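Chains as they are written, first to last, in our numbering: chain A, 1260 to 1888; chain B, 675 to 1074.
Worth flagging that the hints you see were computed from the coordinates, not collected in a lab. Misleading hints may appear alongside valid ones.
Claimed, not checked - Only pairs whose alpha carbons sit at most 30 Å apart, straight line, appear in this in silico DSS-like list of lysine-lysine: (1) Lys1638/A x Lys792/B; (2) Lys1069/B x Lys1638/A; (3) Lys1389/A x Lys921/B; (4) Lys921/B x Lys1522/A; (5) Lys1043/B x Lys1389/A; (6) Lys940/B x Lys921/B; (7) Lys1522/A x Lys864/B; (8) Lys1522/A x Lys880/B; (9) Lys812/B x Lys1638/A; (10) Lys1046/B x Lys1389/A; (11) Lys880/B x Lys1389/A; (12) Lys1522/A x Lys859/B; (13) Lys1073/B x Lys1638/A; (14) Lys741/B x Lys792/B.
Small disclaimer: the values here were computed from a predicted structure and weren't measured.
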Amino acid sequence: MAFYVVQFLTGLASAASLFLVASGLSIIFGVTRIVNFAHGAFYMIGAYIAFTLTERLSGACGFWGAIVIAAFAVALIGVIVEMVLLRRIYHAPELFQLLATFGLTLMVEDLVVLIWGPDDLVGRRAPGFKGAIDFFGQNIPSYDLFLIVLSPVVLGILWLLFQRTRWGVLVRAATQDRDMVAALGVNQKWLFTSVFAVGVFLAALGGALQIPRDAVHHAMDLRIIVEVFVVVVIGGLGSIVGAFVAAVLVSELNAFGILIFPKISIILVFLVMAVVLIVRPWGLFGKPEAAARKTPGLTVNPWRPLTSNERLAALAALVIAATLPLFAGNYVLTVGSEIAIFVIFAVSLHFLMSVGGLASFGHAAYFGLGAYGVAFLAKIAGLPMIVCLLLGPLLGCMGAAVFGFFAVQLSGVYFAMLTLAFAQIVWSIAFQWVSVTGGDNGILGVWPSSWAASPGHFYWLALGVAALVTVALRAMVFSPFGYALRATRDSPLRSEAVGINAKRIQWTAFVIAGTTAGIGGALFAYLKGSVFPDNLGISLSVDALVMVLLGGVETVSGAVIGAIVYKALNIWLVSQTDLSKLVLGGFIVLIVVVFPKGIVGTLEMLAQRRRKTSPPGSPLLAKPIESVE
Amino acid sequence: MRARNTFVGAAFALLAGGMAHSAVAQEIKIGEINSYSLLPAFTEPYRKGWQLAVEQVNAAGGINGKKLVVVSKDDGGKPADAQTAANELVSSEGVAMLTGTFLSNIGLAVSDFANQKKVFFLAAEPLTDAITWSKGNKYTFRLRPSNYMQAAMLVEAASKLPAKRWATIAPNYEYGQSAVAVFKKLMSEKRPDIQWVDEQWPPQGKIDAGPVVQAVAAANPEAILNVTFGADLVKLVREGNTRGLFKGREVVSFLTGEPEYLDPLKDETPEGWIVTGYPWYSIKTPEHDAFLKAYQAKYNDYPRLGSIVGYQTIKAAAAILAKAGSTDPEKLIAAAEGLSMPSPFGEITFRKIDHQSTLGAYVGKTALKDGKGVMVDSSYKKGSDYLPSDAEVEKLRPKD
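Next up, chain A with everything else stripped away, as it sits in the complex:
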């Protein structure tokens, strides 16, 4: 019995650190609607700075003082980031801020290694909390007890802050309806900055408090960021109490889960999230999002098919790209194939995101399923390459059909997080089912048949498929199905009123996007000759998101440019510099500032402005839509 009590308390202690970080993220999202990918980075910097300070300052005062100073210092960094970077892009399309914070995260990962060195750092134990307390023969670390007490205290302080101060009232009002708050004359700039600072403070405090338990190292951020997102979503976005309950729930399930299934930790949080979101689509304590007052991301011109001149230009470009094997070497051709494959992957997500308004955080699942489909068919069934390429993506299609059915019941960030949960579940199956998938050692030897083996031929194959896929998806955008899909995105109520079955349309779009991603994955398996669980992983899903956002989510085919720029730059930088993450992250931040609508989106806008100043060619084109719900 004593054991179960101690295990319960241990779970509570784990929940404490999760809660601190999660509450900060939840507040920031609630008010600013920023999906703050850099939250883990702030957590990590908090730990690093606290490490340095606790090594320098002596005594109990020194230790606890160092923790608090570190959290304030990082909060200050957060304020600078918010004022210099994020303020510029609040009006960018939804999720675009994710791109900026993603760039920051990349930079921080390299910076901490530059500043603090590559070794894992182990900080001091907290003065006064070094030992353990005997509980009927079981030991409970006293620091755990401190954390167990601390988190309800923080919860209480936050509650008072939100319920009893004017600032708290404003924050709650902004969480509910920020346009209204702005209309009432509240200075939104400072409200957002202060909220961001508080959120970052909590993240850094969470990091700093890990020093007596953990090692400080450069991958701390990624270790926590996804789980924190999950906790926030399980609890309900913007709900502090929800974050607390979710952190406790997840930690306790883990603490007791490993007694029965020692391998459960790897997937537990995602299973919990999937179940919670299916049963309660807005998390445990969340409320349904109010209907959007403004149509998301439609301040641009209505989309139109390419004119015949543009079509010719596109064709010419394709022809030029197709001449690459005549003069380029094997390496360039293989990189070209890889870029073409990522164009397929990016346009498939772009179709879902920009046409369907459904941002998936787990799109790599269908890419990876396509790859595994090919690997199974080629290695187990021994089928020839053509057959594998045609049938392999069906696995992606099936996965999308099953998961898509559940996912399209939700919308917004909840939709995104449910897709993430499904992707992680698929990933963990690929990771754990060693006898079938080979686990993380993957499936090797999936090489192309002789007709496609030469890099030139494979490049033509990849380029051809990429062109076909892009054209097909474009055609779909301007088909009746595409219009119906856009209707469900722009106005769920009106589209319902005219008799569109929104869920079915969105589900179909999900399956189309998943299958297309599967095609990319199938080609990728043959390009690399092997398939690994990585192909389904979070980082690949994030890459796809970045490509779409970089290209411009409000465009018809911006993802094509986004994929080419991001992938080419990534491969080139990794090959040329040891600080590729720093440079790539810096580049992304720069692009975010210079092209606030994505590369293609901003270029289109500039072209549009120029057209406006000259006599309008087509009155329809020059008139932006003002959509009011």
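Given chain A's structure and the hints, the job is docking chain B onto it.
What follows is chain B alone, placed relative to chain A:
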């Protein structure tokens, strides 16, 4: 729209192509790949090690008069990116062979690439048994003692312990799984009386140490096998110390004696663990003294195990290239099979039968000295003594 896209693509592609220089006739290039950005704690000393080796090889006249050049790439910890890098090294840089890699899955990905493209590959660090056995191929050689060998070394010491109730803690991925599987198998062969009472599989890099320690303690084992390393090990040790998990229990642990993983533990280093590792401070052989002196003179820092691995990888590559007198992969394979060479740990040989080197490891016990973790009572275990019989290896390895 597409017009612009493809132009940009072509421009980038050209740019990337322009970066590749044609090989100069008087140099021999080796392509080196490792997870520099993902695992800097290991790869920084590793890089220093191989840079020292390159310097020494060239100071001694290069390879049959040609200058040795190592072109190094980062794989970011992703098998797919490792293959992109391998392809660049082979296709654009024209390297004579590939070396390096840390993670097992990346080692396997590059090994499969080498087999497909018929390129010589000397894997430095990946520990998986598959790379030389179940998924072995004729183009791939491996330097470090494999999982099996390290397990066999530890079992030798562990089987002498009186403990009968054992629990295991290992990261939940291939390395942890196979380390535990081999250890259990070899251990149960020597000691049929042993019971395995609990196993914990925290995700790599994400151990929730408190509950794991508590769960192991609840099973009340007499001895524990640990396979976690890096930040996970730190958390496990700290929680274990505070909760008294290691008190009165024997612990056998993979890799923990390596300075990369032992040094961060500082004054929390648990005493008396039986570990594999690298006690650079207590190795007194002429070969190692020479290496240690050269390393400390160049970097003003002590070597980690990564330094040895990086150093010996390039030394081995140079020896193979020198003996082959050619960069033809078939000749390199012929030269490497059965080739013996000196190393800081004494003479090693690349076995013909499975392309595994006989580099060994040090086994000893952890201890606390002046607030730092060290390995004591350590002895070198030759790799050749801890491999299965040739007949067994032949069964494990597919025919070329």
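Now the hints, each set against the structure:
no., hint, result
1, Lys1638/A x Lys792/B, "holds, 21 Å"
2, Lys1069/B x Lys1638/A, "holds, 21 Å"
3, Lys1389/A x Lys921/B, "holds, 17 Å"
4, Lys921/B x Lys1522/A, "holds, 26 Å"
5, Lys1043/B x Lys1389/A, "holds, 21 Å"
6, Lys940/B x Lys921/B, "holds, 19 Å"
7, Lys1522/A x Lys864/B, "holds, 28 Å"
8, Lys1522/A x Lys880/B, "holds, 12 Å"
9, Lys812/B x Lys1638/A, "holds, 20 Å"
10, Lys1046/B x Lys1389/A, "holds, 18 Å"
11, Lys880/B x Lys1389/A, "holds, 23 Å"
12, Lys1522/A x Lys859/B, "holds, 20 Å"
13, Lys1073/B x Lys1638/A, "holds, 18 Å"
14, Lys741/B x Lys792/B, "holds, 24 Å"
This entry satisfies every hint, going by the numbered hints stated previously.
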